[in-house]
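J.: The residues making up each chain are set out below.
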Amino acid sequence: MTRTQRSYAIQLLLLAAIIVICVFPFYWMVTTSLKTQVVALQAPPAWIFEPTLQNYREALFEDGVGRSLINSLIIAVSTTALALVLGVPAAFALARFEFRGKRDLWFWFITNRMVSPIVLALPFFLIARNLDLLDRHITLVLIYLTFNLPIVIWIVTDQIRGIPYELDEAARMEGASQFTIMTRICLPLAMPGVAVSAIFSFIFSWNELMFGLILTRSEARTAPAMAVSFMEGYNLPYGKIMATSTLIVIPVLIFALLASKQLVRGLTMGAVK
Amino acid sequence: MRGRTSRKTIFAFIGPSVIALALIGIAPLIYAAWTSLHFFNLTRMRQFRFVGLDNYQTVLTDGAFWQAMGRTFFLLGTSLPLQLALGLGIALVLHQPGLTLVKTLCRLSLVLPMATTYAVVGLLGQVMFNQRFGVVNQLMGGANINWIGDPTNAFVMIIFWDVWQWTPFVALVLLAGLTMVPGEVEEAARLETKNWWTILRYVQLPFLVPGLVAVLILRTADTLKLFDMVFTLTRGGPGASTEFISLMIQRVGFRAFDQGLASAQAIILLAITIVLARIYIRVFYKEV
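Chains A and B, in that order, are what the protein sequence lines are.
With the numbering used here applied, the first sequence corresponds to residues 1 to 273, in that order.
With the numbering used here applied, the second sequence corresponds to residues 1001 to 1288, in that order.
Simulated from the structure, these hints should not be mistaken for laboratory data.
Since no wrong hints were added, every one of them can be taken at face value.
Label pairs and their computed distance ranges (CB to CB): (1) B:1183 <-> A:12: 20 to 26 Å; (2) B:1054 <-> A:254: 49 to 55 Å; (3) B:1033 <-> A:104: 17 to 23 Å; (4) A:17 <-> B:1062: 40 to 46 Å; (5) B:1082 <-> A:191: 37 to 43 Å; (6) A:169 <-> B:1185: 37 to 43 Å; (7) A:12 <-> B:1193: 24 to 30 Å.
It should be emphasised that the depicted structure is a prediction, and the values quoted were computed from it without experimental measurement.
Glycine residues also receive a C-beta, built at the ideal position from the N, C-alpha and C atoms.
Pulled out of the complex, with its shape left as it was, chain A reads as follows (with noise of 0.2 Å):
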């Protein structure tokens, strides 16, 4: 073997090593979702064995997994919109006007992803039970916003800054207010950003727990936080906890391989290009 074969024959063994310790736990999540109970229960485990879609079928309809799911989604669909509902004309008045204490508010937004949610589980929990508003959908799609929200504005508002200005300026020469300026020239130029975030905003809501776990308990119960339900007393249903968490998992790594290009831009929120 020649130099060179030999570096592309350790590359290759350590970028199968990487796949591989990427993607095996989730190959066994999904046979363990195939498996019986009796066969889950296999010391040692078993790589072998007949697949069954028990696990499903009583998940998603005996155990109230399928509605947990359609919780998870109204709650991220509708929080996501009111975030880009908000968020979109924000990062333009960000990206477009001068303003006093413009960066102070932008300090605010990024700071706010930094704030451990546990500071504000707390107060909202007593705010909700005051409210009546505990279990409720609109709850979580609120407080999700503290999160979402900044996102949106961070991605989208670096967004609009790469449209050049002279658009804007053409516009107005014809008469167009900031509103229409907006919608018609910078929106749809700014479509990737708003696509971008939108994806994010999706994802964080769909994965989170605390919250969920915390502010509902079983009309607006969210999928993740269903999922750990099944995690007490003794004799665990594996087979039927990974079936759930195969669920709850193959729509948020669909979207991140969609959006696999802009994730890291996204996750460092813009400091990496």
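Following the hints, position chain B against chain A.
T.: Same frame as chain A, but now just chain B:
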């Protein structure tokens, strides 16, 4: 010209966001500050009363609180170096020329862990690290290690999952930095030396700095926020061995029902976070 827009127009655009964030992000904090000044136990509401700064005094002198804080930074101090070392290694491998198809596949697989629902990572941990029928012990040659029930092993397991989930993030951030190095500069350097360390240190490192700072900020924030994965995997146990700061506040507030004390803890955590965020942002987002 910019800056001619009337205040009314500006407010129409930015006002709704500011009001929304003030109502859901700041008003609750004020309420938490008020709660923290009271004896406020959900199971003993009749004893509700103003106690001044008593809760703060309790927290500041509470060994368990500072242990949880120390544990949180210990986790950051152990998993972040691992993530940086492994992430840099992965980034350097992916940055090598050739094998394009495998590398694309590799980049796509790296996206999966960091998008995974934290709670699902915790559930996977339960299944894979189970002492009797877990695949991890099987792959370790039929070892009989009690992962979840032993304080040290449980901590190691948390580090494992944190590293599994966030090394890909570090790798992709650093890879983005490596691709920013101008091709001619890197080629010229490679003609000068065959030593990869010299190239990394003097040619590539300057391009990695913004990414490294971003990783430092975000991993610090995320470790202070860490809740979902650990709650599903160990509930902070056994004992308090994996009870990180957010888990502790949740336990005091929602399992011991002492909202007053938990609010005081939360306000102190908030203060620490804001100080850290200010320091980091000052260093980092200076161009904004």
